[in-house]
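Given the coordinates of chain P, assemble chain A onto it according to the supplied hints.
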Amino acid sequence: MVKVYSISNCPWCEKVKKYLKLKNIEYQEINVEGNQEATDELYKISGDEIVPVTTIDGKNYVVSFDKEKLDALLGL
Amino acid sequence: MGIYDFKVKLNSGIEKELSEYKGQVLLIVNTASKCGFTPQYAELQELYMKYKEKGLTILGFPSNQFADQEPGSAQEIEQFCRVNYGVTFPVFAKEDVRGENAQPLFKYLVEQKGFKGFDETHPNAQGLMNALKQKFPEFLEGDSIKWNFTKFLINRQGEVVGRYEPTTTPMSMTGDIEKLL
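Chain order of the listed sequences is P and A.
The opening position of the first sequence corresponds to residue -3 in the working numbering, with each subsequent residue numbered one higher.
The opening position of the second sequence corresponds to residue 20 in the working numbering, with each subsequent residue numbered one higher.
If you're looking for bench data, these hints aren't it; they were derived computationally from the structure.
Some clues are possibly wrong.
Below, computed lysine-lysine pairings styled on DSSO-like, alpha-carbon distance capped at 30 Å [as the list claims (entries may be wrong)]:
| id | chain 1 | residue 1 | chain 2 | residue 2 |
| --- | --- | --- | --- | --- |
| 1 | P | -1 | A | 113 |
| 2 | A | 71 | P | 40 |
| 3 | P | 40 | A | 113 |
The shape of chain P in the complex, shown without the other chains (with noise of 0.2 Å):
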């Protein structure tokens, strides 16, 4: 299942989100801001507290919103 990690009023995290829908692609989002088991976690993956991170099996992300790396992960 793809993640997309994201906060609240980020238009790069608005991007990532439209981009995977115009590409059918189903992703959970998960909401960071107030929640500190989820930040930790998207530190885990991507060894900061920035946003949009996308990933699809916790190891592979992309930070923020790149075209190419996010076709490159999803095998668009």
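Positioned in the frame of chain P, the structure of chain A alone reads:
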């Protein structure tokens, strides 16, 4: 009315009294949002780590009254947002820092220390001045907060002893801070 008479609001909506910080050196800053190009956050965090044991506390007050960026850095917006602003000092709820609806603390701060101009030697000073003249000429009037990262230094007695414009980098304030610690 002194600095310790003010109450400020946390993100959770809970109010905190500034009297809780009595006896510490305070650096009060109006900060930008979580999504802009804002290296001053990193420098503020560095200052905080360096001096917090000696009694420095930094208090951040985000507002969305300015574009989400450092002064003059119009094109270089980072394409991501920080979950916790990337800092460990307290950051309070987003509220106005200028204009009629400015939070009382900032009305007080600008009364205590007026605007004395930008540091012309900062590489972004000219860019900031031009941007203000073109887009927000009213911001240049009076002592109001001009842009993100205006900094006020408060001594251990609660007196506002310094105002530093966005064109003064946090690290260049170390001498003034050390004198108060």
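Worksheet item: Where does the structure disagree with the numbered hints, that is, which hint numbers, in rising order?
Response: none
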